[in-house]
Each structure stands twice: as structure tokens, then as C-alpha cells.
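Q: Make a model of the complete structure from these sequences and hints.
Chains as they are written, first to last, in this note's numbering: chain A, 1 to 214; chain B, 1 to 260; chain C, 1 to 590.
I should point out that these hints are in silico values taken from the structure, not numbers from a laboratory. The beta-carbon is built from N, C-alpha and C at its ideal position, and this holds for glycine as well.
Listed below are several chain C residues computed to face chain B (Cβ distance under 10 Å; list not exhaustive):
{"id": "1", "residue": "P343"}
{"id": "2", "residue": "L371"}
{"id": "3", "residue": "K375"}
{"id": "4", "residue": "V478"}
{"id": "5", "residue": "Y568"}
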Amino acid sequence: MGMSGSLTHDILNGPPPPPIEHGWGGGGGSDGRGSSRRASFTGLFVLIAASTMVFAALTSAFVVRRGLSDDWTSLPKPPVLFVNTIVLILSSVVLDLSRRALKAGNRSRFNLWWTVATALGVTFLLGQAYAWRQLNDAGFFIATNPASSFFYVLTASHAFHLLGGVAALLYVDVQALRLRLGPAKRTAIDVTAIFWHFLDGLWVYLMVLLYVWG
Amino acid sequence: MLLAPIVWALTCVICYFFAVKTWWFPPPINAHGIAYDAQFMRTLIVVGVIFFLAQFALGYVIVRFRDDGGRASYSHGNNRLESVWTTATAILFLGLVVMGTKIWAGVHFDEAPPDAIAIEVMAKQFSWNFRYAGPDGKFGHTELKLINDASGNPFGLDDKDPAGKDDVVSASLKVPVGKPIRLILHSRDVIHNFFVRELRMKQDIVPGMEIPLHFQADKPGVYEVPCSELCGLGHYQMRTTMQVMSEADFEQWKQQQAQK
Amino acid sequence: MSSPAHAAHHAPQGFIRKYVFSLDHKVIGIQYYFLGLFSVFVGMTLSLLMRFHMVNPNASVSWFAKIWPTAAAGGVMTPELYLSLMTMHGTIMVFFVLTTVPQSGFGNYFLPIQIGAEDMAFPVLNMMSFWTTFLALVIMIAAFFVQGGAPLAGWTAYPPLSGAGRITGPGEGMGQNLWILSIAVFCGASLMGAINFIATLVDLRCKGMSLMRMPLTCWTWLVTAILGLLGFAVLLAAGVLLLLDRTVGTSFFLPGGLYINDQIIANHKGGSPLLWQHLFWFFGHPEVYIAILPGMGVTSQLLSTFSRKPIFGYKAMVYAILSIGFLGFLVWGHHMFMSGMNPYSAMAFATLTMCIGVPSAIKTFNWIGTLWNGKIHFTTSMLFALGFVSLFVTGGVSGIFLGQPALDLYFHDTYFVVGHFHMIMGVAAIFGMFAGTFYWFPKMFGRMLNEPLGKIHFYLTFVGVYAIFTPMHFLGLVGNPRRYSDFSNVEYLAGVIPVHSFMSWAAYITAAAQIIFVINLFWSMKKGPIAPANPWDSTTLEWSIPSPPPFDNFAGVHPVVNHGPYEYSVPGAPQDFIMQTDPPEVHSES
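A: Spelled out as C-alpha cells, the structure:
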């Protein structure tokens, strides 16, 4: 079949455990797999911190703008947003199921669930596009009123991040279907999954913000 | 080492120019200005001492501890010294802010006295406009679409409003001496800034906001008002004057304007 | 037998892979350095044009008309051209010089080496961050060439001047849009850099390199990366909102009731210009610490090396860096004392601003403490580090006036502020870069810079910058407003035109002196004497490898650190310095 011994081993038995990590003080070890896995997680958390700051800035602009002027009228939001929310939460759940399957060594189940999660992610984006379309049809464009401006900016920023998430999901999916999941890819899987859960949580937060104050 | 005398020389030159006040504030014309100058002096003395000592110390160590072939003394620091100079710095810096609070409060926390003369200021690219309410004490209604700079209606006064008939519009600020004034600052387009050196006061003028500024000018004279927030290509030209005159002259001026 | 880490690591082949799209942090660091060098010359040229115009507002210069046929018709620089040069001067200097060279230039090159790593955590991301920065610079320069030219709203871009579009002034059309786009792209590049710096520092330190054994340069690169991460994210959000206000008619920052250029602006209402200022300065204040912290790290490193003494109070220095970083996020309102914001918040910001003066003072005391009882060697890099201390003191103390709202009532938007921030950013930070250049050039290029030329350049520049920027404080006392292209309309400024002349001449001479540096730099790269591995007898890890380093820094060996970063003149040690990688038996306290 043309596969090397270690790859077959990976497929059948899961990846070898990462080398022992040394923690923070006393130095780590720049010894390849262990530290680069750790570094990927650090990089991810740094990225999440930056994203959080972008949305924190937008939230504070939202709060200020809403409080300042008397021209804030609540935006009637298309109910499809609730459907999209369910879809996104479901995609996170499915993603986690797929990770568990991989840990248990079940490669084909992993492939299946991961693909389902990716499809759900794409569905979410399509659902968002549909929501924007409905808003447009109802006469609410980005400059119509401050509530609509923030709605579009917040949901578009989130969708932009999610697009990146979908790209990562697709990348893993393709690698998985080609049976190319060595240790480096395991890190990619974990990092992608955590980023996806973050975007999910961010979306729930945005829903609360938009429905309670918007 | 050559650097030490250069540092000392620069320090002395700088301190000299502050000491002899070659380039300095104009004399203040209000009580706030006098308090301001006192706070400035306090700060200047604290800063001056720190500046002089720090630069002197730098020059000193450069000279005294030049390499002469021996070993340096091995030391990782001195925690006692650290705590002492940290505490001293904190007390000095925070002390200065506390001392200045009263001055800030006088401008921004306290309201204008009830008998203050209200004057509307309208800043625009690139000129100043002032409006007085006239004998009826009421400002007339204004509308954006009535604005006509060419025919002398920068405020867009509505001539159908009787309250506005006696409003006085002027391109420069005129105030009576020794009387509280309450400016109501507006901008029609971008951010501008009202600044009078002799009053030691400055305030950004933000479109969409109505910002009050109250003061009292105690010395007659003509004082310049240069716009102090970048407002476009004509920013450097956007300047008017504040003329402080006796109450009698002020009343006379207002009557003359009303007759126009 | 190579370790697993090496499986993917081969030296790159071919010009493109080696020098253009390189994944090597050292090459990327040099690329950033040269991007910054190019940018500083552009920025400096703009400032010379500005200083010329301020003193000769009506002069006709024939080649102005050739470059700017409309904006300098007849060879006379219009006020709008002046303001656009000023805007681009500030923008290019702050973003493409002060935010790139100290952090992405030197940091990229030396952070991995100083912590004993082979490269940054994410080399591909690193390469992308440089080319994204390059793209941002291209977009920024493009603003000069579009219709209307570059924007004129200052590097701070306050709306409505920057938000209402073309009608507020020339350059406020496409020029301002490109400016915002460039900044947004720059934000993305910064974020990529921050991810790399933080992940590398947290996870790739070699054995024995605990956090408290890191050189202070690494601490400053870490905190600077965190500041950039959080600050640029907010700037990106603000920039997007401003661009939307300008292009699709939203009203985040634009209020209603605007009448500009004889037109009623009917399609905006309810927005707040102050909201922009809050968002901008929330980024803008950490930005100035981004500009200065790495220079402080280099100064600490150099003062210790060239006094042959450990840094005085290493722990206090670390806490000072951390508190400057943390407090840096809480003081943004001191840029807005006069803005019309809540005056009670001004007192809160003032208190915090004074607090941030304390760690800065601590650092200054500790630098003097490091020199005290040392044995000082006056290399050019050391001169620049000493110059940094002097300039930091001068620039810092003027902040004590400005941090008090009561005093800011006069000084806001005067040349006092311009003097303050130029002393700190436009000089002290630049001296940090010069110091780093003279210190690290041998390591980067394998050759020594010329010391006599370096010293001449230093003295001319040091006296020159004092001559240019100290008079600005006096102009502030006189009440000279900022951002004026011409002072002839204000009577009380007639007496200070000679001061402006003096500053302009000092600027021309100091700028000319920089030619010495450029000659030294490029000539020495090719013809300088060959540099040994450790020309300065310095202790940190970069001096334990060849000059220049092999492509993977430590030639396959994983360094082990046994000592702190500044073990100089340890009693009983055979030499007056112990390298961090020296065996533990060499007597030392840490």
C-alpha cells in the first residue's frame, strides 16, 4: 500500500504520547515535538486573546454608542439566527465527539464526525448569509441605524474569524481522508478544535449582546 | 570622558533658560491663572531638581567610574535603596497631582456662577463666531439650512424667531472685565479648540457636543485666540481675539451691535 | 545522529529562499531592520521639508512644483501639503520605524538566540509577518500618489476631520482610505509577530533558561509583544469602524448636524468623535511603550556589559517592565484631558499616569546604580546607551507637567507636547536602535563597525537632537500651537520665529550627520574588520556562537544555561565575565 511502518502504527494504535514536558521555570527543552506542541497551544491562546480584544473593543464601542444618543432603535432580528446558533453549537459537540473517537483509535469514526462538523460550520456561514439577506429585504442595511451597523459589523467580524476556522477544519479533513495524521497533525487537530469552541462561545456571547441590548 | 561635560553643559544651558525665563508665559489675567502659575512653579522646581541631579549623576558616573584596568565591584543591587527612592518618587509625583486638583476642579467641577454672561461660541473651518443673547437674554432659534456665511449668518439664525432678533453675532470675543463669563462651545464641522494663553485655559470643541467653559478676566486688553486642535488646511489661520473691556464699554459695544 | 528536531531543518538553497522568502528569523530580523532604515529616511526627509516650510512658508522652491504640481503650484508648499507631510511623517515614524526595528528587527534576530532556541516557534508565520508589514508600507506610500494626495488629519486621524470624507480637506478622500487600510494590514502583521514572540518566549527556552535568567532584552520583547497583541487588536477594530463611516455611511464617530464646506451632512447622526479618541488612545498609549521598552532592554544590557557589572536590581527591573506594561493600558485618557470627556475621569487617569512615572524612575535609578562602581568602557554602543539615559530623563520629566490635567490646560496641543514625545520616541528610542546596531552588528554581519566614525556620529547626533527638541519646550511655554504650517497669523509668535530657525538648522545638520552612520553601516558590512564571536566579552547566549551565527544558531547543540545574564566581575572568577552557558563550577552567586 506504500505506507511506512510508523504510519500504519499511528493509524491502528494512535500516536505515541508526547515527551515529558518540563513546565515553566527551569526551562523547557527545545527538543522538537514536545515543545512545538506546547508552542502551538501558546500561539493559539495568544490568537484568542487578540480576537477577544477586537470584540471587546467593538463591545465597548457598542455600549458607548447605545448609551450616547437617542437614535438607538432595537433591530428586529431574523429568527434563522437561532437555527444558526444551534447548528454552531452542534458542530462543536460533533467536533468533540470526533476527537474522542480519534483518542480511542477509531479513525473512520473520527473522519466521519469531523466531516460532519465541517459541514455544519459551512452551514452556519450559509445561514448567516441568509440572515443578512433577510435583513436586507426588510430594509435594514449597514448604515440604516446604529443597531443595524453594529449587527453587521459584529456578525461579519465573527463570520470572518469563522471562515478561518472552516479553512482549518477543511485542512484537517483533507489530511484525515488521505490518512495523513501523524503527531504534528494531532496538534493541528487540537488547536483547531479549541479555536472552533472559542468561536462558538463568542457567538453565544454575541447572541446575548444582540438580543438583550441590540 | 567627553560625554560628561557635554551632558553637564546641556543641562546648565537648559536650566539657565528656564531660570531667566527667556521664553515664558504671558502674565495671567485671572485668579485661576495665578494659581496655575504657582502649580507650574512647584512642578518646575521638583522636575528641575530631578532633571539636574539625574543628568549630573550620569555625568559623574561617566567620569568617576571610567575603566582603569581593575575589576568592577560585584553587586546585584540594594533593596533598601530601591524601596527608598521608589517611595520618594511616588510621593512626589502623586503629591503634585493632588496639589493640582483644586485648579482642575475650579475649571471643570465647579459650575459657572448663576449671573455669568452666557456667550455662544461657534467654531468652524476656519473662523470663530460668537453670539450674545441680547437684552431679552434669550438665544434665538437656529437651523443648519439657514446658515449663510457670505451674508453674515454663520449661526443659521432664524429671522422668524423674535428671540433672535436682538442676538449679537461677532467674529471676535468681547467680554467685560471682572465679570464671570460662561462660554457654550459648539463646532459646526470638525474638532477645534478654544485657547487663551493669558487665561491659562483651553478646551476642545467637539461637534455634536455642547461644552461649557467658564472664566473671569480681570485685566483689560486684547488677547489672541488661536485654534488649538488640528482642523484642516486653514488651522494655522483660525485665530481671533478676546477683548476685555470695562463694563461701560462692553454695554456700549453691545448696543452698537444691536443697532446694526 | 541528528535529533528529531532536525528532521525538517536544512539550510535553505537559492537566493529567493535564502534572502527573500526566508524562514530564518535572522534574515527576517535583518529584513525588518532595513525596512525600518528605509522608513526612517523617508520620515526624516518629510520632517526636514516640514521644518523648512515652518520657517519659509512663502518660499518658492522649484522642485516642489515638479513633485507636487497641484499641492505646491509655483513651488510654494500649500498648507494642505504641509499637513499631509506631517501626517505621513508621524505615521511612518511611529509604525514603520519605532514599532518595527526595536521589536521585529532586533527582537526577531536575537530573541531566539538569547533564549537558546533554533528559531522562532512559527517560522512560516514569521516570514508572513514581514511581508505583510512590507505590504502595509507599500499601501501607505501609495497614499502619496492618489488623487488628493496623502491624508492631512495627523497620525491620530481624529474624526470628523478624518471621517467625513473629501469635503474636510484635500487628501481626505482616497488618501485617508489607503492610510486606514495600511494600518489595518499593519495590525495583522503585528498580531502575527506577537504570536511568534510570545509562544517562542514561553515555550522554547533552553534548559536552564528560567524566566529570571533571561536577559532584560527578552523581558522587554515579551511585554512589548503583549502590548502589541492587545493594543493593535483595538486599533484594528477602530480602523474598521472609521472606514465604514467614510465609505458606507455608518455613524460610529460622526455626529449629526454637521455643515462642512457649505454642505449639510445629512447622512450621519448620533456618532461620537470621542469614541474614536478612546479607542485610538487605548492602542496609542501602549504603542509608545512598545516604542521605548526594547530600547530600555538594550540600554540595560549595554550598561551592564560595558560597566562590567551586573545590572543593578534585576528583579526590580523586571517588575518595572511588567508594571509599565500593565499600567500602560490604564493611562490612555491623559491624551484626552482637554477632549471634553468626563473631567472626573481625567483625575483618575492623571493619578495612574503619575504611577507609571514610578517604574520609569526606578529604571533610571537602576541604570545609574549599574554604572556606579563599575569600570566603564566607552564603545560607541555604550555611548548611545548612556545617551539613551540622558534623553530618557529629559523626555520623561516633561511628562510630569503634561500628566497633570491642571497644567495641561495650557500645554495641550502646544510644542511642549511635541518636544516631550520627540525626546522620548524620536530620540531616546532611536538611540536605543543605534545602541543595538553598534552592539549587535558584529554578530549579525561578522564584521565590526568603525568606532571612530561611530563616535563622531554619536556626538553630532546627541548634541544635535538636544538642539532640535529642547527649544520646543520653551515654545510650549510661549503657547506655540501644534500642527501650524505657518506662524505669521499669530502675533505672539513673531518673537519665536528665530527659535524655529535655530531648530530647523539644527535639524538639517543633524540629518546630514546621519550620512556618517549610513556610510559606516554599508561600508563595514563589506569591508569592516572581521568580528570575533565575542568582541565585547559579553555574557548572553548570542556571544557564545560564531559571528555571524550558523543557520540554525547553535549548530545542532542544545545550549544549557547555568548562570544569570549579567555575571560580570564575579569575585574569584578567572575572567571578569561568566557566560550564561559556562559550566556551573565557575564561581557565581546564581
